[in-house]
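Protein chains: 4
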Amino acid sequence: MAKLFFHWGSMDAGKSTLLLQTQHNYRVKGMECLLLTAALDTRSGEGRIASRLGLESVAETFAPDEDLFEKIMVPAAQAKVAAVLCDEAHFLSPQQVMQLARGVDELKVPVLAYGLRTDFRLQAFPGSAALLAVADVIREMRSICDCGRAATAVLRFDETGNPVFTGPQVQIGGNSTYKSVCRKHWFEALREHEEQEAPVH
Amino acid sequence: MAKLFFHWGSMDAGKSTLLLQTQHNYRVKGMECLLLTAALDTRSGEGRIASRLGLESVAETFAPDEDLFEKIMVPAAQAKVAAVLCDEAHFLSPQQVMQLARGVDELKVPVLAYGLRTDFRLQAFPGSAALLAVADVIREMRSICDCGRAATAVLRFDETGNPVFTGPQVQIGGNSTYKSVCRKHWFEALREHEEQEAPVH
Amino acid sequence: MAKLFFHWGSMDAGKSTLLLQTQHNYRVKGMECLLLTAALDTRSGEGRIASRLGLESVAETFAPDEDLFEKIMVPAAQAKVAAVLCDEAHFLSPQQVMQLARGVDELKVPVLAYGLRTDFRLQAFPGSAALLAVADVIREMRSICDCGRAATAVLRFDETGNPVFTGPQVQIGGNSTYKSVCRKHWFEALREHEEQEAPVH
Amino acid sequence: MAKLFFHWGSMDAGKSTLLLQTQHNYRVKGMECLLLTAALDTRSGEGRIASRLGLESVAETFAPDEDLFEKIMVPAAQAKVAAVLCDEAHFLSPQQVMQLARGVDELKVPVLAYGLRTDFRLQAFPGSAALLAVADVIREMRSICDCGRAATAVLRFDETGNPVFTGPQVQIGGNSTYKSVCRKHWFEALREHEEQEAPVH
Chain R
0 MAKLFFHWGS MDAGKSTLLL QTQHNYRVKG MECLLLTAAL DTRSGEGRIA SRLGLESVAE
60 TFAPDEDLFE KIMVPAAQAK VAAVLCDEAH FLSPQQVMQL ARGVDELKVP VLAYGLRTDF
120 RLQAFPGSAA LLAVADVIRE MRSICDCGRA ATAVLRFDET GNPVFTGPQV QIGGNSTYKS
180 VCRKHWFEAL REHEEQEAPV H
Chain G
0 MAKLFFHWGS MDAGKSTLLL QTQHNYRVKG MECLLLTAAL DTRSGEGRIA SRLGLESVAE
60 TFAPDEDLFE KIMVPAAQAK VAAVLCDEAH FLSPQQVMQL ARGVDELKVP VLAYGLRTDF
120 RLQAFPGSAA LLAVADVIRE MRSICDCGRA ATAVLRFDET GNPVFTGPQV QIGGNSTYKS
180 VCRKHWFEAL REHEEQEAPV H
Chain B
0 MAKLFFHWGS MDAGKSTLLL QTQHNYRVKG MECLLLTAAL DTRSGEGRIA SRLGLESVAE
60 TFAPDEDLFE KIMVPAAQAK VAAVLCDEAH FLSPQQVMQL ARGVDELKVP VLAYGLRTDF
120 RLQAFPGSAA LLAVADVIRE MRSICDCGRA ATAVLRFDET GNPVFTGPQV QIGGNSTYKS
180 VCRKHWFEAL REHEEQEAPV H
Chain F
0 MAKLFFHWGS MDAGKSTLLL QTQHNYRVKG MECLLLTAAL DTRSGEGRIA SRLGLESVAE
60 TFAPDEDLFE KIMVPAAQAK VAAVLCDEAH FLSPQQVMQL ARGVDELKVP VLAYGLRTDF
120 RLQAFPGSAA LLAVADVIRE MRSICDCGRA ATAVLRFDET GNPVFTGPQV QIGGNSTYKS
180 VCRKHWFEAL REHEEQEAPV H
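Chains as they are written, first to last, in numbering that gives the first Met the number 0: chain R, 0 to 200; chain G, 0 to 200; chain B, 0 to 200; chain F, 0 to 200.
The hints are simulated quantities; they were obtained by calculation from the structure and are not laboratory data. From the three backbone atoms N, C-alpha and C, an ideal C-beta is built for every residue, glycine too. Worth double-checking, as some hints may not be accurate.
[What the hints assert, rightly or not] Cross-link-like lysine to any residue pairs, in silico, SDA-like; alpha carbons within 25 Å at most:
{"#": "1", "chain 1": "G", "residue 1": "2", "chain 2": "B", "residue 2": "144"}
{"#": "2", "chain 1": "B", "residue 1": "183", "chain 2": "B", "residue 2": "197"}
{"#": "3", "chain 1": "R", "residue 1": "183", "chain 2": "F", "residue 2": "188"}
{"#": "4", "chain 1": "F", "residue 1": "28", "chain 2": "R", "residue 2": "186"}
{"#": "5", "chain 1": "B", "residue 1": "2", "chain 2": "R", "residue 2": "106"}
{"#": "6", "chain 1": "B", "residue 1": "2", "chain 2": "B", "residue 2": "101"}
{"#": "7", "chain 1": "B", "residue 1": "2", "chain 2": "F", "residue 2": "118"}
{"#": "8", "chain 1": "R", "residue 1": "28", "chain 2": "F", "residue 2": "188"}
[Claimed, not checked] According to the in silico footprint, chain R covers these stretches of chain G (three or more CB under 8 Å from chain R):
{"#": "9", "segment": "8 to 18"}
{"#": "10", "segment": "79 to 85"}
{"#": "11", "segment": "99 to 106"}
{"#": "12", "segment": "120 to 128"}
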């Protein structure tokens, strides 16, 4: 019985590495996967999935409005897709998550989606929210906060090195940097930020 | 290290039973838990948590606007709360989920929340969406579809026995009935419904 | 696809409660489970599964040498067993675990086994060792140590209240008492015991 | 709170890849891990951990009789070990697993062990049996059978390509080959083998 998996983790958790390892595992059995990653602009096409450890693979990209059920159905009908491996799954639209779920249920193709759970405001990404709501299996991939705890949140810093807690979820072409932290340290940074922002009387 | 757990499951999965078992496990160690459940109206007060197997316990209720960090802090300061056990956690507001997370991180009180994941429209409840986004541990509690698969979705039926897919998330005083089904059968019911609703040409 | 589940937990974790809840979940769908528990002597027959919370049900018992594949096959062939729910699964023989696995794979009957993981010497029971080796899904059921940690070990005390670390795995008719503790406190009790036992020079 | 993790998986599941990714995750936080792998002979010394995807790292080796609590304690006392990452953990002795557990509990160093669960006879390796009995967290790493199911068992083939089910657990210098399969197909190969071996009347 095919399933929809959502592997979520903070930056650096090894999501792309695990995706590429999974592709490898299918390959040694003679099976091919359909690799998907988010398009940087609105057109789909050829992309690549790369891990920080130096691994990489060519992938197809998904555009915001693309029907992913159709995208799976074509190769699945030709019996060529053993599984769909989707990177940057937090960028899926809720509709696309439902299309992938339909692919699992009707075409019996396992879908393994990898992505961030929450953004720098501790809000779920739209694709992640939909995957958390309908996935058959939800698995945490663990990265580490400086304090040794599991890093399940992310801080965004502006160019002067100060954490920011408002702004667009995705920032194109900015100078922001990010850091994976545990929820406790995310909240501490938020409170410190709020105290500094508070008007002095 | 205290953690925020979200045990989600469809109706009949045994959420209240597990909650009451957990209370029992703490009790045999001489520890007391704070039991919380949703208030049926806007005032908090005394409620009860009951399982379909016949177990029940008195619980405090949480009202929509109540600050749950404050609610935990008072007994926790008195060293009386070993853990918070929250039933019907899908009715928490996102703010209340953050307050519970703060209770975990700052007061070091474990919080175990139990609730539905999605409503009859396959949309996450607000409290569930927030818990899925920030919980340390997400655990599925399994109930069974007629077909033997895991029932991870729920169908709502009107008084004539037909499935409905629109309407308010919570229906007070209606005659709706509900049934736990797997995602595949939820989608099949949706498509059948859409075909019947489609205009005849 | 049917699976072999092993839910392990220390005493008081709620294993029998969860088993009976699972039976209930199948029943509300009109499906019957085969309930199994260990025979107190070498003959199988009628037994019962009871939880500390007051729930109970009649169950069949399994004797040490009984072939459990045969036991499942008879009712499964009559399409009457939706699942097998086995309590006290640590008392299964390794052969019986393999028979249950065969029931899962060939008869497509899900088997949910519930039992202790380790005895008072921190050694796996034979049935548990076999289940840990071949189960499709291994799930911890959590009970609590006095210190608040997960209780994953058990201490045996003799009639004078002193912990013991040697002796038979199962003690019939003795006056031993047991306590669920975390591994750290199990090891501390062991070291304290060893120091007291050490010869004085 | 430090924990003892056991990540088990069949060959090709990506255990070494995940271990090296974890090392990377600690490194980007400025923390160093102690990497351990089994010595090929009885002396410990310098080894390496390599994944089939091309990643590798230098590691210390553990010899069969080495005290791993001591081995952790030295660097941990110098506050240099953020975590212990142990590959080929199925080759640990049960005593060494207890030493690692003590390192977790007393030195508060997380230990992440990666290894096979069962050998070609579907019997747990000694180190795996001990880890399954005492680990705080047990996680499956999934590889795939030809049939698409999870491969949780392994077949050994002799030089003529026939599956074998008896013989030493570890074979040095032989010409055996191995294949990851699901439990169902492992059992099917066993039964076919037994039928061929059965005497003809």
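Status of each hint after checking the structure:
1. At roughly 16 Å between alpha-carbon atoms, residue 2 of chain G and residue 144 of chain B fall within 25 Å of each other, so this suggested pair holds.
2. For the hint linking residue 183 of chain B to residue 197 of chain B, the alpha-carbon distance of about 21 Å falls within 25 Å, and the restraint holds.
3. Annotation: proposed proximity of residue 183 of chain R to residue 188 of chain F is violated, straight-line Cα distance about 52 Å (limit 25 Å).
4. At most 25 Å may separate the alpha-carbon atoms for a hinted pair to count; residue 28 of chain F and residue 186 of chain R meet this at roughly 19 Å.
5. Restraint check: the Cα-Cα separation between residue 2 of chain B and residue 106 of chain R comes to about 22 Å, which is no more than 25 Å; the hinted pair holds.
6. For the hint pairing residue 2 of chain B with residue 101 of chain B, the CA-to-CA distance comes to about 10 Å; that is within 25 Å, so the pair holds.
7. Among the hinted pairs, residue 2 of chain B with residue 118 of chain F is consistent with the structure: their alpha-carbon atoms are about 21 Å apart, no more than 25 Å.
8. As the CA atoms of residue 28 of chain R and residue 188 of chain F are separated by approximately 18 Å, the hinted pair is consistent with the 25 Å bound.
9. A count of 0 residues in the segment 8 to 18 of chain G with a Cβ less than 8 Å from any Cβ of chain R is obtained; the coverage claim is therefore unmet, three being the minimum.
10. Beta-carbon proximity to chain R at under 8 Å applies to 0 residues in the segment 79 to 85 of chain G; the threshold of 3 is not reached and the given coverage is violated.
11. With 4 residues bearing a CB less than 8 Å from a CB of chain R, the segment 99 to 106 of chain G meets the requirement of three and the coverage assertion stands.
12. Coverage of the segment 120 to 128 of chain G by chain R holds in this model, with 5 residues showing a Cβ closer than 8 Å to a Cβ of that chain against a need of three.
When each numbered hint is compared with the structure, violations occur for hints 3, 9, 10.
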